[in-house]
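For the record, the sequence lines run as chains A and B.
Mapping of the first sequence onto this note's numbering: position 29 corresponds to residue 29, and the numbering continues sequentially without gaps.
Mapping of the second sequence onto this note's numbering: position 160 corresponds to residue 160, and the numbering continues sequentially without gaps.
It cannot be assumed that every hint is accurate.
FRET-style restraints, in silico, Cβ to Cβ [said to hold, decoys possible]: (1) A:G122 / B:E131: 54 to 62 angstroms; (2) B:F135 / A:E21: 33 to 41 angstroms; (3) A:D27 / B:F70: 22 to 30 angstroms; (4) B:C28 / A:E58: 12 to 20 angstroms; (5) B:R94 / A:P148: 26 to 34 angstroms; (6) A:D18 / B:I31: 27 to 35 angstroms; (7) B:G47 / A:A56: 54 to 62 angstroms; (8) B:G17 / A:E21: 31 to 39 angstroms; (9) A:A56 / B:E73: 26 to 34 angstroms; (10) A:G136 / B:T90: 47 to 55 angstroms; (11) B:G122 / A:T151: 36 to 44 angstroms; (12) B:E144 / A:C13: 28 to 36 angstroms; (13) B:F135 / A:W142: 46 to 54 angstroms.
Covered, in the sense of this in silico footprint (three residues per stretch, anywhere, with C-beta under 8 angstroms from a C-beta of chain A), are these stretches of chain B [unchecked claim]: (14) 11 to 22; (15) 30 to 38; (16) 61 to 73; (17) 103 to 114.
Hints are computed from structural coordinates only; laboratory data are not their basis.
Given the structure is predicted, the values throughout are model-derived calculations rather than measurements.
Idealized CB from N, CA, C, for every residue including glycine.
Number of protein chains: 2
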Amino acid sequence: MSEPVPPPCFQNCVPPGDERERLVCGDCGWIHYVNPKVIVGAVVTSGGKFLLCRRAIEPRAGFWTMPAGFMEEGESAEHGAAREVWEEATARVRLDALLAVYSIPVISQVQLIYRGELTLPGFAPGLESLETRLFGWDEIPWNELAFPSVTWALQHFHAVRDQTAFAPFTAPVLFESRPGR
Amino acid sequence: MSEPVPPPCFQNCVPPGDERERLVCGDCGWIHYVNPKVIVGAVVTSGGKFLLCRRAIEPRAGFWTMPAGFMEEGESAEHGAAREVWEEATARVRLDALLAVYSIPVISQVQLIYRGELTLPGFAPGLESLETRLFGWDEIPWNELAFPSVTWALQHFHAVRDQTAFAPFTAPVLFESRPGR
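Construct the entire structure; sequences and hints are all you get.
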C-alpha cells in the first residue's frame, strides 16, 4: 500500500504557491501529491453481540477486527463501510451513526467508523477473514484484537450504546496529532 | 491533482484476494492503489460573523469559500483544518466540533468540516486568497460561493449554532452516494 518509487526525473521541491516539498517532475512539472488514506468500517451488532472477523491477511493475520478497510474511489464513506462488512463478513448492515473519526498521523490514516446492526441473520468469512463470530461484551477477545482502533471503537460503542445523537469520538490524545511539519 | 499517467508496464487487472481492478505492474507485481482524498476545513466565526476567503486560484477563482483544502501526510484532521485556516486566512482558530462529513463520490472526496472560532482578532489573505472578510449571516454572498459544500456547511452551522454535541451532517442525498461498482 506504499507509494511507487518515482522515476529519476522527479525531485523534491516546493511548487509555486505551495508551502511544502512535493515530488515534482523536472521534465514536465507534474506534481505527485501524496495524501492520507481513508479507512471506513463499522462496529456491527446483532442481538447485542458484536460481529468480529479474524484476519486472514497481514498485517495482524489471525487477530480479530471489526470489518474495515480502504475507502474506494466513487463511493460514499457509508457505502464503503457497508461494502467492507459485506466483503469481510458476508453480512448486510444498516448504519445508524458515525461512531468515530480517528486521525492516526503516524500512518497517515483517517478512520471513519460507523455504528451498525445486521439486517439479516447470516454472516460468514469473506476472502480476507479466517472466521467471523458474534461476541457478547464480556466475551470480546481484548488481548487478540488486531489494532488499537478496534479496541477504541468497541469501547466507544459501549459508551454511547443508549444514545442516538452524539459527536463522534476521536483517537486518544497520544495518537491524535503531532505538530505540522 | 490528478494521478500520474502510469508507465506502459502497468495493466488493469484484479489482484489475488481483491475484488476490483487495479493498475498492476506486469514486471514486478506492484499494485498502484488510488483512493479518495480528504478535504479538511472549518466554518469559522468571530463575534457571530463568518470568516470567508475569496479564492485566488482555480477552480472557482474569485468566489468565496470557507478555509479548506487537502489533508496532508502526518497531520490529524483537526490540525489540517487549523492549518488551512492559517494558510488561507492567516488566522488562528479553536475548533470545537466536527460539523460535517461530506462524501462526494463523483469527485472521490471526503470533506471533514469543523466548527471553529477565531482566537485572535487578526486575519488577512494567504497565498491562495484574494480577500478575507467577516460576513454577518444576512450578508453572506450566497450567489458567489465557490462550491456546493460551502453552502451546505454554512447552513449546517446555522442549524446547530446553539448546540454543543450533535451528530455531524452529511451531504444532501443527491450528492451522498451511488451504488458501488
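Going through the hints against the structure:
1. A:G122 / B:E131: 54 to 62 angstroms: holds (57 angstroms)
2. B:F135 / A:E21: 33 to 41 angstroms: The hinted range 33 to 41 angstroms holds for B:F135 and A:E21, with Cβ atoms some 35 angstroms apart.
3. A:D27 / B:F70: 22 to 30 angstroms: holds (24 angstroms)
4. B:C28 / A:E58: 12 to 20 angstroms: The hint (12 to 20 angstroms, Cβ to Cβ) holds, given that B:C28 and A:E58 are roughly 19 angstroms apart.
5. B:R94 / A:P148: 26 to 34 angstroms: holds (27 angstroms)
6. A:D18 / B:I31: 27 to 35 angstroms: holds (28 angstroms)
7. B:G47 / A:A56: 54 to 62 angstroms: holds (56 angstroms)
8. B:G17 / A:E21: 31 to 39 angstroms: Holds - the Cβ-Cβ distance for B:G17 and A:E21, about 35 angstroms, lies within 31 to 39 angstroms.
9. A:A56 / B:E73: 26 to 34 angstroms: Check passed, 29 angstroms falls within 26 to 34 angstroms.
10. A:G136 / B:T90: 47 to 55 angstroms: holds (53 angstroms)
11. B:G122 / A:T151: 36 to 44 angstroms: holds (42 angstroms)
12. B:E144 / A:C13: 28 to 36 angstroms: holds (35 angstroms)
13. B:F135 / A:W142: 46 to 54 angstroms: holds (50 angstroms)
14. 11 to 22: holds (count 3)
15. 30 to 38: holds (count 8)
16. 61 to 73: holds (count 4)
17. 103 to 114: Three-residue rule met by the region 103 to 114 of chain B, so holds; n is 6.
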